[in-house]
Amino acid sequence: MRAWSIHIALLVAAILFVAKGVATHTSTEEAWETAFDESAAPDDRIWAIHLASNRATERSDRIGRDLALSLLGSRDLRLREVALLIDVCRHAFNPLEAPTNTSPPIQDRYVYGPLPRGEWTPHRLRSLILYRRKVGGLPVGGINRMTSTEGDWILRTLRGDDLPPSDEIDRYLRTYGHVANTPR
Amino acid sequence: MKLPALSHSAAAELPEVGPSADQAAASPRDSLSESRARAPWKWILILAAFGVAVRAILLWLALPIAIQSDEANYLYLAVGLEHFGVYFDHQRYLWPPGYAWLMNLFTGGGDMGGLDRLRAFQVICSSAIGICTMLFAWRLYSTRAAIVAGGLWAVHVPLAAFTHLLWNETIFLSLFLPALWQLLMGLDRADEGDSRSSDRRLLLAGLLMGAALYVKEMPLLLVPFLSLIVLWRARHSGLLEAMRRGAILPLATVVVLLPWTVRNYEVYGRVVWGGATLGENAYIGLNARYMNFDFIPLTRERARLNLAPMAEMERASFTAPPIDDEGPGNGWARAEEIVHPVDRQKAQLSRGLKYAASHPGWFLRTRVKKWSDFVTPLSFFTRHHALGHYSKGTTLTGVLRKPLVGLSMLSSALILLLFVLGSFLTVPKGGGRTVVMTVIGYAAAASTLVAMSRFRLPVEPLLIAIGAGFLAHGPAARSIPRWMAAGACLVGLGVLWWIAWPETMAAASMALGGQP
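Protein sequence lines correspond, in order, to chains A and B.
When we follow the working numbering, the leftmost residue of the first sequence carries the number 1, and every step to the right adds one.
When we follow the working numbering, the leftmost residue of the second sequence carries the number 1, and every step to the right adds one.
In isolation and in its complexed conformation, chain B is listed as follows (with noise of 0.2 Å):
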């Protein structure tokens, strides 16, 4: 592996404030500079593979697993691929085919032991989130950091636990952050002056992203900034280079996709680069009743065990619909009578945006209640647990079962607390951070939507480089500010845990206490 630009980042991607010269002969910035000489690849293999035992052990222990809501919904869509040779929507929205057309590469011919084979190429797949986490503490810190940032991740379960659930994130972070690297690759190359080997990553950087656009569109409009990181980056290179380099990244993304969109304009006489699916998030982001699927699913089976309903527990000052807008059939429907399933997607946006629009205080409390729903310390295997999933009479639903739920809740709130002291008092300037922090905002961003535990997923990796940075090397700023900022910032992060606390409770309590 070569170096990153030293001339360029061993100035600019220091803190702004850096530690005095007598502590930097014991800092972590000293190893920085030496451990770029290569990426500590025997730690990372190492690491990477034991995150894929972890997850291969978790994988046998859930074992048998039944499908659960969207995973029904890939295996229908897999079921029209192998039976009628198309790719269906399903009426409320269009998604990419990606997931479904592997999901029918296991399953075709008609087994359904194939869904287990998918969840064992998942194990496998993880390793590469597993390395790119890894490179990317170690691009921003060190090996230190690069190796903190792979013990948190082997052990973090919530991204353990999707390794065996067939919801499609896995395999799309397979795809996503090998496709981040390569592009911050290409920013150190480009900084080297290493114009060709830089094309050739951001161009890397571009089909890697095409195809995890084929598996989860999330990442469709942050493609724009992307580029636009780059063409910034390369301004001094003066503009026509700039654009030229800048123009990578979203020609490749494009073409990867341009199959599947020209298929679509086919098939519905509309453009559709990912799938179609805003008008349906809309529908359920910005209307009256406050929808979490972290919740909702928790709802039956609470009242099966009488339990008070979650609806009840909801801070309403941050849930309630708006005053003038309250009881039964509040809010906005769907556009059902629309029957093109684009045109829909575009009717319900506009109705969302109206309904915001006119209930603007509505909007800013709801979106406050977005953004806890986001950080709760919360997972799917916390869900599966307190829905019963899991089959009961094993190691996992007996034994296992607390450890590894108090686990997977105490390292999700463990990554936010780090990556938010790391992201004020320890990570560097420079193109790293810039990439990184852009992901996640923009991830922050797209959940004001809607959101939940399963949205904070493709960012976790980023979180947990950023904080890992902070537990290998500690505070590196020493500003007042900063500190002002990081402290304002855990309150805020204690604010939004304090406002979904008494669902995340109920949820925990009962993914805790276990299924009668």
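Bound conformation, chain A alone (with noise of 0.2 Å):
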């Protein structure tokens, strides 16, 4: 039996994972419900996103429109941000009308549309980042690779330092030449 109290050591620690992984897990249909409940904590609504999002074996205009649409709504900056990432994206609505490389027209909109007090937000540049510097393509918003610049200037919006003057990274985004439609 000696011999043998390592691997009974690892099946309980295996069974104990998964039985967490049991005991913790959500339904689908409670993700989708969280997903849509704006008045449900934004950490739990955007797990629940992730979740409804990346279950989903179909594309789902529910989560491509109108929860892009309602989290683009929110107050809550991080929320709207989610909007802009590959779990929401893959779901990205087109019309039908549009060609198949068509980045999703709604994130599109909100991204390079007018900033506030034509000035640069950290929202609004941490928005452009995450939405055009991931990977898949046009079809989920993404085009090239984020810089160190754009790195150092996404990793300030989350420390709450100051970003540079709005000009200069203007100037900056012209210059990677890469992002269609800069905002103002």
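Among these hints, one or two may not hold up.
Stated by the list, open to error - Residues from chain B that face chain A, not an exhaustive set, calculated with beta carbons under 7 Å:
hint: 1; residue: A72
hint: 2; residue: Y76
hint: 3; residue: L81
hint: 4; residue: F88
hint: 5; residue: H90
hint: 6; residue: V255
hint: 7; residue: L258
hint: 8; residue: V271
hint: 9; residue: W273
hint: 10; residue: N281
hint: 11; residue: V339
None of these hints come from the bench; they were simulated from the model.
These figures come from a predicted structure and were not determined experimentally.
Virtual Cβ for every residue (Gly too), placed ideally from N, Cα, C.
Make one complex out of these two single chains by using the hints.
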């Protein structure tokens, strides 16, 4: 029996991990409900959106259009940014007449909409980077990878530090040259 | 450190055909059994420290360095973890979370300087790679071979340079090689009859392997092969005992991976053990268009410099699409109509296999090219220089550029040559050789899907360990078939180098020439 003690311990650990997974499981119905629940706590909602969008085996307009609009209209800036991430963008709603390689129009409108008072805010800059620097190509809104400068900016926004002057950001984005329809 | 099993290995681990008695008096094999008494820790630590110092200097020379390609993708994931508390996939693939998690640990709270601290951390972690390289050489051969291996590892620029790049190879190897070492020690302890110690070593090997799989999923399918080795070596102890021992490694690996796998099942409703990348790799490797990421990024740069496109240099016999599939838009498309990121992998793999099955001639000739790409003496150090990624006007891109790029390519080629010679003519039979060759064979087999110099990196320490034996002791085998096999393999290596020679030289000349 002693010779099998390692196996037994490992099996017990495996059972515990699986049991924890079962105990904390969220059903797909619950995930959908929380994802659309505007009164839910942001963290709960983000996780529920993560589950609902990734479990779906068909592209869902409810996520790609309704949820995207709901998130972008949220007061919580972090929730707005969730609409620009891969989870929601892979369900992006595109009008039937749109070319196949078209960026998600709802997200495009938000990211390239006018800036508040014409100035970059941490949220708007983060939105642009999160939206445009994802892998997956134009159908999910991605073009090119994040540069070190953009990495520095996005980390600054998380730290709460001041951003460079908006003119400088515009100049960089124009020079980098891969951000179509820069705001302003 | 305990002795490996002399009773078993002294006889079994010598080459099949060893030196004659008079030659043996001066042979490295004499010192082999003596050196088994204790690993040469003084030498190992000195050389490990030297190698770390080389890497630290290289890091210091390389800074500041901008993030590139996959490095940016890791940072994106790290930001996702920090800001949303969620680990995302990349639409086309799901990477294991370990490296992004580590990056978030260093940049968490929003500090870009954390990336440089992560680079420094990798420099320190690389000591584990150096130590394991030397331990393998010592275990396979002798103290002298360990010292040679340590020297080769310390100045091997491709491995050294990866410590300041934010790809996951350094962290992965820092876990993967100790896992292999513990596995080998587990086999040795079992041969000595010390079952409890063997079990502990195998357990540790499994735990480390599981941790390595959080960083890179490459060895996922290697684990069953390794546990079969354990089982086979224990066969004389009876079937039950062999199965008991053989089960420890995969069981421990699975337990470490389970939290991540359970999480994936919760998120995707699918069982994903490490990552989900096979379909995207099939898109790259089993498709009409030839793709090698050692060369693809150079295309734009060559256009900017008015140089001939890389595609024009390829030997078309090994890269051209099937005749019935020529022209723009050839091959098959990603299964982007499938929204589920895990299901898409399966669909793409199926498309790739179907494409290969319907073009067997194309499949075979392009696999030769994959192996050619696997053994090309390039590295990301050379690629970074060719692309001008290192800061201009520094010592690294100035006076040190040519010597270091040259050393990088020469040491890659030398290590491959030494490996071929060592594996046929010097390395002794036994558990050590079985484990090392299984890992190298697995990496070579995996490279028939997607290949580039970076995919060779995980086995380079093992190539060094095998090759160091030849450099330290020369050929031990005297049988003609072994020499003929070694010769054939060297010719094969030469042919593979010849196939990729035009692109390799184009990349090398860009790296050596520097950026205008």
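**Asked** Holds or violated: is there a CB of chain A closer than 7 Å to the CB of B/A72?
**Response** This interface hint holds because 4 Å falls under the 7 Å limit.
**Proposed interface contact between B/L81 and chain A, which counts if any beta carbon pair is under 7 Å** = 11 Å, violated
**Asked** Under the criterion of a CB-CB separation shorter than 7 Å, is B/N281 in contact with chain A as hinted?
**Response** Violated. Min distance 14 Å.
**Prompt:** Can B/V255 be said to touch chain A, with a Cβ gap under 7 Å?
**Reply:** 5 Å, holds
**Asked** When the nearest CB of chain A is found for B/Y76, is that gap smaller than 7 Å?
**Response** 6 Å, holds
**Message:** Just to be careful: measuring from the Cβ of B/F88 to every Cβ in chain A, is the smallest value less than 7 Å?
**Reply:** 5 Å, holds
**Prompt:** Do the numbers back the hint for B/V271, that is, is its least Cβ distance to chain A under 7 Å?
**Reply:** The hint is violated - B/V271 has no Cβ within 7 Å of chain A, the shortest such distance being about 12 Å.
**Message:** Less than 7 Å between beta-carbons is the criterion; does B/W273 satisfy it with respect to chain A?
**Reply:** Where the cut-off is 7 Å and the nearest Cβ of chain A is about 13 Å from B/W273, the hint is violated.
**Message:** For the restraint on B/H90, tell me whether the closest CB of chain A is nearer than 7 Å.
**Reply:** Holds - the Cβ of B/H90 comes within 7 Å of chain A, reaching about 4 Å at its closest.
**Item:** Restraint check, 7 Å cut-off on beta carbons, for B/V339 near chain A
**Value:** B/V339 check passes; min Cβ-Cβ to chain A is 5 Å, inside 7 Å.
**Message:** Just to be careful: measuring from the Cβ of B/L258 to every Cβ in chain A, is the smallest value less than 7 Å?
**Reply:** 4 Å, holds
The earlier numbered hints that this structure contradicts are 3, 8, 9, 10.
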